[in-house]
Amino acid sequence: MGTKLIELRNIEKSFGDHEVLSGIDLYIRENEFITLLGPSGCGKTTTLRLIGGFDSPDTGDVLFDGRRINEIPPHRRSVNTVFQRYALFPHLNVFENVAFGLRIQKLSKEEIKDRVSRILKLVDLTGFGPRHIDSLSGGQQQRVAIARALVNQPRVLLLDEPLGALDMKLRREMQIELKNMQRQVGITFIYVTHDQEEALTMSDTVVVMNDGRIQQIGTPEDIYNEPNNRFVAQFIGKSNIIEGTMIRDKEVSFCGRAFPCVDGGFGENVPVDVVLRPEDIELSDPEGGQLQGVVSDVVFKGIHYEMLIDCQDHALTVQSTRMREPGKQVGISVGPEEIHVMPREAAL
Amino acid sequence: MKKTSWLAGPYLIWMALFIVIPLLMILVYAVIQDGTVSLAAFLKFMQPVYLKVLGRSLWLALLATAICLVMGYPAAMFIAGREKAVRNLLLMLFLVPMWMNFLLRTYAWMTLLGNNGLINRFLGFLGLPAMDLMYNDVAVVLGMVYNFLPFMVLPIYTVLHRMDRSLIEAARDLGANSAGVFAKVTLPLSMPGIASGITMVFMPAVSTFVISRLLGGGQYMLIGNLVEQQFLVQGDWNFGSAISMILIVVILVSMGIMSRFEKGEQGGVTPW
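Top line first, the protein sequences correspond to chains A and B. Here the first sequence stands for residues 0 to 347, where the numbers follow numbering that gives the first Met the number 0. Here the second sequence stands for residues 0 to 271, where the numbers follow numbering that gives the first Met the number 0.
In isolation and in its complexed conformation, chain B is listed as follows:
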């Protein structure tokens, strides 16, 4: 162990240069304004207009996470219960879209949902009035669910797949019917996978700015867009950094809550 630990050197240098120092710089920008320590940037955030953006970001991310969980858990269970060949095929189908560029996938939704998109043209073809499918919360949540669903399915699948079959037999042996086995054994034992899945969907969903920009429209503000705007449009690096710090705290808190479920021998296994 000792002799080979120097092999981690390149990564440690990398981490210092590109993770620790930038984080410190953001912290410095957030608390130092015009050469003095100041919490003005944080106070500026405490206005209803910005808090509303944070609230909406949290709400939409939670909603997308919940939808991913409700859709993803049964899917993971279904895949884990198949034979090896079928299992691998299904997993592959889940992963193939991930090999495509993220932007491309999101642009694809624009051509589906747009005013002249496929769905509206199909409705017109049937003689039905066009619907406003784009530039609203529904479109943004749809984009999040579409992009992040595999992050929910895979960790849950991993935990379910590794679960000892004899535990399920033991529960049946002790009198549990299918519903009982699920509620008392399968679900509690898959909590680490659920916790990983939630973390891995919630984190990118709460901080996204591409999905909200493309599917929410130019005026649509999530906290990620707000940060982007401070740096690229307003040039207010102090405020942008402060918002970033707030976002980091939000994510840390949510991870802290989730990590309480990730304990246990099954471990929250993340495939990336």
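For reference, chain A alone in the conformation it holds in the complex:
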């Protein structure tokens, strides 16, 4: 992974009385696929617009290659954007949409033709040049928007929920394609989404945001396996969050029993939150488990069954490929590696 390309330093931004971003500190490296992930209204799009140049921060600095760019307008930044609803020019055909930026740079006809056809090939739209925007499907419009941005050879591509309007199957395909494109062109992608699966699939780095603040920055594995707080644990994937007590390093108690774990550094007898992922909980015969519970609900999800297990006043969500009848007594076990301990947060 390359060196720091973009840096946001202590950014604050409000619209009227509404504080949208507070204390944002973030750096983005060269050739990185970084995703800003969070629920709507968390400030992820505003962060993207600060980098694109469509808004400027109230306080703090945006640095590009070490240079402060707060006041540089969008048309003088080597950054291009794929807009949420594509924002393709309806009065131009596919070729002219893609050539828009090149024509402004006043490149020669041959070069424009050459670069447009190469980029159309990259997004798998060879031969679509003369087509009208209205005649394209959503997925094709999406590709035109990407081509229109990439053809300018920006150092950074900003993508604002670009797959939001596509159906599930197309989304999945485009996720893989986008990742491939990023590898092929070798530039930084900054991707905004509220879809955690999308973020985990594509990113090198995920930035989880909520309420205008960064909650956690890390690789998809880090974010999933070692969430910093309740928000991250609940937003990324499904999780059981149980109140427990850290007895000492590598030993935590919850549901009335002590478990060996791998976390430490909390101190002794400290209240903590314990995160158990539904797929990490093992079910067995009642005698074989560390805890005992009763199945209260079963839902078939395709690859697995999702079951609710009542255990000591907690309803644990458990995923398993083997179905247990509702009302059945089961044993519950969790390995030390599968237990994730977080500092206890004040009840919300």
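A portion of the hints provided could be inaccurate.
Calculated cross-link-like contacts (lysine-lysine; reagent style BS3-like; alpha-carbon spacing at most 25 Å) [claimed, not checked]:
{"#": "1", "chain 1": "A", "residue 1": "Lys300", "chain 2": "A", "residue 2": "Lys237"}
{"#": "2", "chain 1": "A", "residue 1": "Lys108", "chain 2": "B", "residue 2": "Lys183"}
{"#": "3", "chain 1": "B", "residue 1": "Lys183", "chain 2": "A", "residue 2": "Lys112"}
{"#": "4", "chain 1": "A", "residue 1": "Lys178", "chain 2": "A", "residue 2": "Lys120"}
{"#": "5", "chain 1": "A", "residue 1": "Lys105", "chain 2": "B", "residue 2": "Lys183"}
{"#": "6", "chain 1": "A", "residue 1": "Lys327", "chain 2": "A", "residue 2": "Lys300"}
{"#": "7", "chain 1": "A", "residue 1": "Lys327", "chain 2": "A", "residue 2": "Lys237"}
{"#": "8", "chain 1": "A", "residue 1": "Lys120", "chain 2": "A", "residue 2": "Lys105"}
{"#": "9", "chain 1": "A", "residue 1": "Lys120", "chain 2": "A", "residue 2": "Lys168"}
Keep in mind that the hints were calculated from the coordinates and are not lab data.
Assemble chain B onto chain A, guided by the hints.
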């Protein structure tokens, strides 16, 4: 749809009685003279004296339309760029004069421009010689611009107001400066509004007879006055009808040209 289509009945009858039949009658009067089919009325029009009237009508209407466009487009852009409260106020100011009687508005210009009008009295007050402001082309064009300017501003405003802001951001993102954004995105996308505006100013301007009568004077002839004269003074209904048909063709042709620009999803939206 089918079940309620009878509700359009009253209008269809209205249209037949007061639009289709009168048009057919004009056509009949234009081509039938003394009981035989004849193009004499049309041939009569092909004289320099009448062609000059047509030419002048077209020229003045085009001039008024061009002035309305040059004044109206920036105005529409200005209004569309304001906040909602300011926008509504400005639109209101544009519309308030339209609530006043058309004749009254035109008479008002007579009291401004006349030999003893406000402007000349003000010039006299300053010790300057009086000017001939009335009864010329300038006064007629002024009257047209004044009366028809809102018809230019409103459709352009509507299109600009509805334009997707993200298109402008996209153009800036792709390297266009303000002038580039206007030339490559805003202007082309507002073509439907411009086309509606041009049609809605040009049509009444080319066929007006009140403005030319009041501000151009009794001897002043535009094609509208010519038609009026045939029916009311000369009593030559055949010739009057023929001129009307020619005017209809002129307007149809101009609408045909304009409608080529009105296509596209933004649509030429006319507020009336």
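Tell me the numbers of any earlier hints that the structure contravenes, in ascending order. Violated: none.
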